[in-house]
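Visitor: So the protein lines, in turn, are chains Z and R. Mapping of the first sequence onto the numbering used here: position 26 corresponds to residue 26, and the numbering continues sequentially without gaps. Position in the second sequence (first residue = 1) + 1000 = the numbering used here.
Since the hints were derived computationally from the structure, they do not count as laboratory data. Any given hint could turn out to be false.
Stated by the list, open to error - Chain R side only, calculated, beta carbon under 10 Å to chain Z, not exhaustive:
| hint | residue |
| --- | --- |
| 1 | S1308 |
| 2 | G1545 |
| 3 | E1560 |
Stated by the list, open to error - Dumping the calculated BS3-like pairs for lysine-lysine here, alpha-carbon to alpha-carbon at most 30 Å:
| hint | chain 1 | residue 1 | chain 2 | residue 2 |
| --- | --- | --- | --- | --- |
| 4 | R | K1586 | Z | K145 |
| 5 | R | K1184 | Z | K145 |
| 6 | R | K1201 | R | K1184 |
| 7 | Z | K124 | Z | K183 |
| 8 | R | K1339 | Z | K127 |
| 9 | R | K1586 | R | K1523 |
| 10 | Z | K123 | R | K1339 |
| 11 | R | K1188 | Z | K124 |
| 12 | R | K1489 | R | K1407 |
| 13 | R | K1201 | R | K1188 |
As the list claims (entries may be wrong) - Just so you have them, the derived chain Z footprint on chain R, three or more residues with Cβ under 8 Å:
| hint | stretch |
| --- | --- |
| 14 | 1040-1047 |
| 15 | 1174-1182 |
| 16 | 1239-1252 |
| 17 | 1401-1412 |
Just so it is clear, CB atoms sit at the ideal spot from N, CA and C, and this is done for glycine as well.
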Amino acid sequence: MNREVTSVLLAGVGGQGTVLAGRVLARAAMSLGGEVKVSDIHGMAQRGGSVVTQVRFGLRVWAPVVETGTADYLVAFEKLEACRWLPYLRADGRLIVNNQEIPPLPVLTGAAVYPPNLVAEMKKRVKHVRVVEALDLARQAGNVKTLNMVLMGVLARYLPIDRGAWEEALAESVPERFLEVNKRAFQLGWEAAP
Amino acid sequence: MQELMLGNHAVARGAWEAGVRVAAAYPGTPSTEIVEALARYPEVYAEWSVNEKVALEVAIGSAIAGGRALAAMKHVGVNVAADPLMTLAYTGVHAGLVLVSADDPNLYSSQNEQDNRFYARFAQIPCLEPSDSREAKEMVKEAFVLSETFDTPVMLRLTTRVAHSQSLVELGERQEIPLREYVKAPAKYVMLPAHGRERHKAVEERRRRLEEYVETAPWNRVEWGDRRVGVITSGIAYHYVKESLPGVSVLKLGLSYSLPARLIRDFISAVEVCYVVEELEPFLEDQIRAWGLKITGKELIPRVGELSPRIVAEGIGRRVAEVDSSLVNPALLEEPAFKPAMGLPGRPPLMCPGCPHRGVFYTLRELGLTVAGDIGCYTLGASPPLNSMDTCICMGASVSVALGMEKARGGEFARRLVSVIGDSTFLHSGMTGLLDMVYNRGTGTLIILDNGTTAMTGHQDHPGTGFTAAHDPTIKADLEQVVRGLGVKRVRVVDPYNLEETRQAVAEETSVPEPSVIIARRKCALLTGRSGIYQVERDACAACGSCLELGCPALSMDEEGALIDQVQCNGCGLCSQVCPAEAIVKVGAGNE
């Protein structure tokens, strides 16, 4: 894929806040002056299903979707989802994974087993892996729901976007009364990486 | 000023800038955000209509009366609105009218993936296909102009990927379009057979003028690249072509009906080989082939599902690479570095913790009934472990399908049968089916799952909520009165959080050979927040797994027994009711 375009996949479970994270990333990326495209899934899949938000930015962006084998970054909000979406990462892309396990319904009802050692297995296959205790950090920030901003704080360390642009993007995207806790979460992620 | 905008918001913005006065829709993924956004502009009257047919009719009234109008719906919504649409194509519009059809390739949240460009051809009305938010905004403005210039409704056809992706849009100002003078013109608007015959001639005349116009329309354009390979494309597929075949010549059709025959013929003769890349059906391809032109399309590009850059690269990129590999994006011809992991547990969507629908479907499974279902969150009642839905066809079909089952198999079958429908869906098109059951001496039981909102599409108001699209208070439809008014004598209301009450009501009503309605009333848990927190007393838990049969994402099991996730639990208490060991107890109050 065009090297001038950066492709980021945010994969998680419906309700984990990938849509808001994607919005913050996209707004921050607008500061680079090129094109930005975002693709989300709405509707039925949002009800606790596997969800993905795709963000692409660069001088000229065509498709709003990230193709398999071409993502520069895969930010997985959950371990099983990291594994599921891994084929989208390019060979030397970076995987940022929240070290959290959310058992899907087939596991809850005993029809399937949550695969053990997912992170260790992925570390064997992927060169650049960053494991983040995003839930702990979000709790430390003051609200477990801010784990999405913890992960954006981690991602921010690898992207050529000014810190100020991230702050502005946060302020534009998050309601005033939740801004401080989200900023704290972002900062904790920033400090946790690289 | 540039803004990052959802395709649907760009449509709303474009309609607002074009001076739209009246906008109407029934919520449906992926179209919902259009009228939701228009309701926030004070200059626009925007409504949630009871269904898509009504929405289009409201728009027709506005247009005939002289005010620009828009109706938005998902692809299957156009089926509901097809009756007024086909005749609207005859009457024409007076003031501009745009019908937005949001198709759903890959069925992200739909029951089929029909290609609604065929409706444009069927009705012989122009069809514009934007490929991103910028085009969506500009095309909706163009659509109003076209509509008035050619006195025709215009279809703006989106797909999920255009409706629900965001890209940069240049904002403009609103252009105030004065109301056109109201003109009484029965020969044009009263479709008696004699008038209709004349109007059909007008449709033909308009079609000829449109065919001439599209030859030079600015939205159809050629982007010359290497002339050995040409690609004809439209909508989102254009971006996939640009991504995967960066060097080829492209004819991008902004209008997919009517097609510019001369432009297409000239393009095909200027390239050595020509492909057609379009999502879903061979809509462009079949028309082009009918002119005797040589193209390659659906032999190489799938008819099923969504396209992607890799699908285009793998479909025709390999052939193009044989001509010249520099014309193809090489990354898309390489195998991805990481193979999909085998045997990962799936993560299907499911009912939320505390969902009021859960208790009803649990009960229906316990009773072993046949269930004719409908469209909404509750269609998830068909999934494991609840597994309690036998049919789901379209909006409103539950009650009428159940009646057909009864008529085919007899009254005894109806004693083991229910139909299930949501409150919003009932008001959309379930009322007519219920009236049909009453009128035709059916004896079925309809359960209305009344969660007080249109939940699946993101909690829009409807006539039963007492609020309009602009959140103004209005007359609230009373479901019990509506049902009684349709002639149902046996009407009862139950709390679906109470399993015993629900079970008893269903058992009693199905046993009686006359029409009955059970209203299972509880507000959507996403709107109310939690009504308590439950916990498993681990010493008492027998680890029997009965609670897991509810399919609640807050419940799980470890070696010693059941567990409730205190973050997710919304306190419906169903698990404590099904626990034979009485090991599940309420430990926290709610915030209802």
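Visitor: Would you mind marking each hint as holding or not holding in the structure?
Guide: Hints, one by one, checked against the model:
Against a cut-off of 10 Å between C-beta atoms, the interface hint on S1308 of chain R holds, since the closest Cβ of chain Z lies about 6 Å away. A distance limit of 10 Å between C-beta atoms decides the matter here; for G1545 of chain R the minimum to chain Z is near 7 Å, and the interface restraint holds. With 10 Å as the threshold, the beta carbon of E1560 of chain R stays out of range of chain Z, its nearest partner Cβ sitting at about 15 Å, so the hint is violated. Restraint check for K1586 of chain R and K145 of chain Z: satisfied, since their Cα atoms lie roughly 24 Å apart, inside the 30 Å limit.
Annotation: proposed proximity of K1184 of chain R to K145 of chain Z is violated, straight-line Cα distance about 59 Å (limit 30 Å). Distance restraint check for K1201 of chain R and K1184 of chain R: the Cα-Cα separation of roughly 20 Å lies within the 30 Å cut-off, and the hinted pair is therefore satisfied. Simply put, K124 of chain Z and K183 of chain Z have alpha-carbon atoms about 33 Å apart, too far for the 30 Å limit, and the pair is violated. Note on K1339 of chain R and K127 of chain Z: the hinted pairing holds, with a Cα-Cα distance of about 15 Å set against a maximum of 30 Å.
Between K1586 of chain R and K1523 of chain R the CA atoms are separated by roughly 20 Å; this keeps the pair inside 30 Å, and the hint holds. The hinted pair formed by K123 of chain Z and K1339 of chain R meets the criterion: a straight-line CA distance of about 15 Å does not exceed 30 Å. In summary, the hint linking K1188 of chain R to K124 of chain Z is not supported, as the alpha carbons are separated by about 72 Å, beyond the 30 Å threshold. For a cut-off of 30 Å, the pair hint linking K1489 of chain R to K1407 of chain R stands: about 21 Å separates their Cα positions.
Taking the CA atoms of K1201 of chain R and K1188 of chain R, the gap is near 12 Å; set against the 30 Å cutoff, the hint holds. Counting residues of the stretch 1040-1047 of chain R whose C-beta sits closer than 8 Å to any C-beta of chain Z gives 0, which falls short of three, so the coverage hint is violated. By the rule of at least three residues with a Cβ nearer than 8 Å to a Cβ of chain Z, the coverage given for the stretch 1174-1182 of chain R is violated, with 0 such residues. Chain Z is given as covering the stretch 1239-1252 of chain R, and this holds because 4 residues of the stretch bring a CB closer than 8 Å to a CB of that chain, at least three being needed.
Counting residues of the stretch 1401-1412 of chain R whose beta-carbon sits less than 8 Å from any beta-carbon of chain Z gives 0, not enough to reach three: the coverage restraint is violated.
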